[in-house]
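Residue numbers (the working numbering), protein chains in the order written: chain A, 1 to 334; chain B, 1 to 334; chain C, 1 to 334; chain D, 1 to 334.
Since the hints were made in silico from the structure, they are not lab data.
All figures in this text were calculated on a predicted structure; none of them were measured in a lab.
It cannot be assumed that every hint is accurate.
Pairs involving identical chains hold if they fit within one copy or between any two copies, as the list cannot separate such chains.
Calculated pairs, DSS-like style, for lysine-lysine (alpha carbon to alpha carbon, straight line, at most 30 Å) [stated by the list, open to error]: (1) K141 x K277; (2) K330 x K285; (3) K227 x K277; (4) K141 x K227; (5) K330 x K170.
4 protein chains.
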Amino acid sequence: MNSFGRIFRVSLVGESHGPAVGVLVDGCPAGVPVAEKDFDRDLGRRRPGAKGTTARIESDRPEIVSGVFRGRTTGAPVFIRFGNAAQDSAAYEAIKDTPRPGHADFTGWKKYGGFNDYRGGGHFSGRLTIGLVAAGVLAKKIIRPVTVEAWLVEAGGNRDIEAAVAAAVKAKDSIGGIVACEARGVPAGIGEPFFDSAESLLSHVILAIPAVRGIEFGAGFEAAGMKGSRHNDPIAGRDGRTATNNAGGINGGITNGNPVLFRVAVKPTASIARPQKTVNLKTGKAAEIVVGGRHDTCIALRVPVVVEAAASVVLADLMLLEQLIPRVFKGKSR
Amino acid sequence: MNSFGRIFRVSLVGESHGPAVGVLVDGCPAGVPVAEKDFDRDLGRRRPGAKGTTARIESDRPEIVSGVFRGRTTGAPVFIRFGNAAQDSAAYEAIKDTPRPGHADFTGWKKYGGFNDYRGGGHFSGRLTIGLVAAGVLAKKIIRPVTVEAWLVEAGGNRDIEAAVAAAVKAKDSIGGIVACEARGVPAGIGEPFFDSAESLLSHVILAIPAVRGIEFGAGFEAAGMKGSRHNDPIAGRDGRTATNNAGGINGGITNGNPVLFRVAVKPTASIARPQKTVNLKTGKAAEIVVGGRHDTCIALRVPVVVEAAASVVLADLMLLEQLIPRVFKGKSR
Amino acid sequence: MNSFGRIFRVSLVGESHGPAVGVLVDGCPAGVPVAEKDFDRDLGRRRPGAKGTTARIESDRPEIVSGVFRGRTTGAPVFIRFGNAAQDSAAYEAIKDTPRPGHADFTGWKKYGGFNDYRGGGHFSGRLTIGLVAAGVLAKKIIRPVTVEAWLVEAGGNRDIEAAVAAAVKAKDSIGGIVACEARGVPAGIGEPFFDSAESLLSHVILAIPAVRGIEFGAGFEAAGMKGSRHNDPIAGRDGRTATNNAGGINGGITNGNPVLFRVAVKPTASIARPQKTVNLKTGKAAEIVVGGRHDTCIALRVPVVVEAAASVVLADLMLLEQLIPRVFKGKSR
Amino acid sequence: MNSFGRIFRVSLVGESHGPAVGVLVDGCPAGVPVAEKDFDRDLGRRRPGAKGTTARIESDRPEIVSGVFRGRTTGAPVFIRFGNAAQDSAAYEAIKDTPRPGHADFTGWKKYGGFNDYRGGGHFSGRLTIGLVAAGVLAKKIIRPVTVEAWLVEAGGNRDIEAAVAAAVKAKDSIGGIVACEARGVPAGIGEPFFDSAESLLSHVILAIPAVRGIEFGAGFEAAGMKGSRHNDPIAGRDGRTATNNAGGINGGITNGNPVLFRVAVKPTASIARPQKTVNLKTGKAAEIVVGGRHDTCIALRVPVVVEAAASVVLADLMLLEQLIPRVFKGKSR
């Protein structure tokens, strides 16, 4: 199902080379002020343009189709549409029978019996994350004063990220990266025991982001090598604050009032300007392809804002469930 | 919500020191042969007893309360109950106002306004995983010939696991570990794009397991430091098999026919036999506690079978959705 | 799926002649006082015994398995079990290949490939409603001061219900009835537009009750013959109160602050002590059966308390969603 | 939540006087042939124009935004947009503080704290049903050879429907009606026990349709006055066919292979060209309004195609769950 959330529910639609992509947010409280310009900052951060990002430039203007009236959410479902303009499908026709390694070409073809839209990855395209970023803008508004911040900590195994990207561009190769995320001000007590633990829900959405291959909370994989006496965070106050934060702000699936911390592994961009081995789906014979089109050298550069959006959506949903966000925002009405 | 799954839906109930824990499985196909002894192997693997595991011994006999008639599932909800016998609540009364570091004591108290059952961790106890293991037994039956296997690859950062546990026991400390999991025979095409990607659903359930702090698929966090030319798995056949498996059997959220591989970080057991710093919730003053009771030195030893169960539940759900498992198992009826 | 609700989520398990039936309530707020005796009144109303009801007598004692600690809900899932004692399966063996008209014997056999538990209707038995009534007791506690009351307005087309039942008993036949329900004090603003309208959710649960064949809100089917000028309820105050209540307290799927009113059609008990025509599932030949066992002449007599429970569960769920019920009930804690 | 369905999942968006309304269908099988003209017939039946229907004329052209590629569904979410052109909001400004009796004006205002879009009923408008009709067109394609047909059996209590409408137009009043629906060819065995009974799911969606106030299956409310000996349908064959069909094709919540029959009560159109009593929300004082704008005398005339769509959506969802509809439609691919 292409939706996530129990109360603040996000659905993504569209294809890379179709007329548009979009996002449906059902369950957003009424009365939240929303203007097109509110999306500028986060859409800008997701946007390509910098060294190491794709040359495809879209206007990325959000068209608010429903759920907003006179600058405020109405409580009805919000649908935001992003027109696709800069499509260049020609390159994909040439390779439609030779699935690109590392992409969803083969799996989409298999799952949908060959009816998938293969142009630019179709519905599997990273283009779809624009809708998640837009939902994140709404989520960030309602979780205030909680803040969520994500950033790239290394690319291609290198903390000097610019150098890493430059080297990869030169090598006509791609690189991955690691994104860290911190949510501050998250109240203690959100998340559910067991299946809807805060980690479960965050992981669910984060692992839905294309190219993400792992997540770890607090000390994460390093915790596996630590002693309990060092890993346990001494509790330092009745408000739950701890002297260290190896738990990443979550115990037993429920936030403990400390910052929520996690790290995300992003694989290298699958599209590279080098010959790769694959198979021809029609003939069954081995084939070699060079993926044309426009691609990011380091897709991880554009992932932090998507991670922020994903985490904000989860927090919005859990805070609504926990009644920490009202169903109607105060403010002047009609 | 304490449930997971769209078609094969699992819910967990109970508390560590209540009369029983149990699992409800709704949506299990009809006609699946089920006998109490079928649970022996996996429940035995989850059971304590070995060096480094708790001294609490329960009979762990599964009572099949509903959904099974004359040795076959009926298609109605299956409820399996596990009585709690070996409860020793005294130790918990002494520390009920001083939350144990690394446990859900503080978060449960906060979330539920002090009404949580604090004895033995209550509903947050690892005891609850017995129900998930039982659900996994059912799931494994229906996903055949798909097989899921998990094992501990290191404990306390050490590949000599026995030595690591012995050292930790001696130090009156606890250690974590890393669990690897491989599912073989998974057909290509299961998982949904974006929010219900195979990674999303697996992560959701795996991160619900107490003590799990991270998950990575295929090359995982290492992928972040790899070049695309090395990370991309060359496609070697029309069936989707690849020359390498850095993707861990999943592209674009959908299985590609190769083994599904992931690794799980397990933190050190939170309960240790050393004094720890905390706070008294009534007085607000700093306090020191020594956690009595019976505990695992290395809970990670018991996690593999739980990971297998979690993964099997996800695969059962997705295979039912994809119509790769029938709603009625063939065989002789009444 | 055998569950209902987004926040206050109810699942039913068990079979008529299995060891037990039960109910799982996930999402009940913490701190709600619960004692076994609280269930007496409603379970008593559901219980047989009066003229026109079955002779099967169960103790109907609720065993609270989980989610309650020292007399209060903990916030964890509540599981309540009702042991089955008075089972008499012999009568069902004789007719297992000849499905009883008006029962789920044929449909259960068909759906589950012959693996269904046919004894006493198995999972389709009215016995399952005991769990819904128990969930209703919890729901009624938390929706206070909202009250829900249901009653039988006619049986067998007769407002003299005792006379109607006596005549049916004499005729060795069965009769149906009409149940009215009124919820008072329901705040304006609950229910969601379109798919989760208050009518949709109430209908969903009410139509799940065995033997229910229809529902109508406010003026209901009569409204179809009314003029708009008469059907529209004049609005008489800023609180939404209306001069008449043809709308049954709901406009556009959302409560308007007036009493919520609906009526429910209950069919005659399917089991009758007369010969009936059916088919032998093994031979395919026409057959005649007389249904033995113990049955209600007028099952509708026992339906009002189930309708109350169903409506209370929906109201609890919607009021939690609308943040009109807190997640933690105030009161003294440990 | 403004969505319905577990596998074939439908969400509605938009407002009467916003830029567009639309429908999102997630979970539609891949490979289903879809062309804009396929929607003509059903959209035409929903469209106003005949005597007794509103004068608002929209082009109602479906724009397929996503999920369809070269004339076939791709398996990705389908979004269909209907632009709003013929908006006339002026009439609504005058009455925005005086809620119209029988409409959702008051409840929407109350629920959303005054932030609702009140123009033309906003998100509560019957305009939203166009999306449901479009989803129904897709559903009807995939449930073939199952057919669903609905028709108006009476209007204003009169079987001569034209006469009834003419009289109401003359009286400047409105009338309701009763819609019957029959689904033929529905296989035995669909629907789930208890909460997701076929009646529960059908009722859920049908009662979401604006103006619907009741539903009854088979003999329905009449069954309440029948004897069991007459109401029970004798089983006439191993395929489950019955001599009569008082059950309306459903026993124990599961279809029995006979036609599924139900009837729906539609209230008179709330908008009438007569003065009505209401209250001014700002002043709290009694007020009288005359609702301008363009309205249907008998909205029930346009309801049958919406009922068909609703029922088809439920059947599609249940047949997918029961694996009676494939996830990929056979046919030539790329």
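Tested hints:
Neither within a single protomer nor between protomers do K141 and K277 lie at most 30 Å apart by alpha-carbon distance, with minima of 46 Å and 37 Å respectively. When the C-alpha separation of K330 and K285 is checked against a cutoff of 30 Å, the pair qualifies only between copies, where the shortest distance is 25 Å, while the shortest distance within a copy is 64 Å. Only between protomers do K227 and K277 lie at most 30 Å apart by alpha-carbon distance; the minimum there is 16 Å, versus 45 Å within a single protomer. In this assembly of identical chains, the alpha carbons of K141 and K227 never lie at most 30 Å apart, being 40 Å within a copy and 37 Å across copies at closest.
Taking the closest pair of Cα atoms, K330 and K170 never come within 30 Å of each other, the shortest separation being 54 Å inside a single copy and 46 Å across copies.
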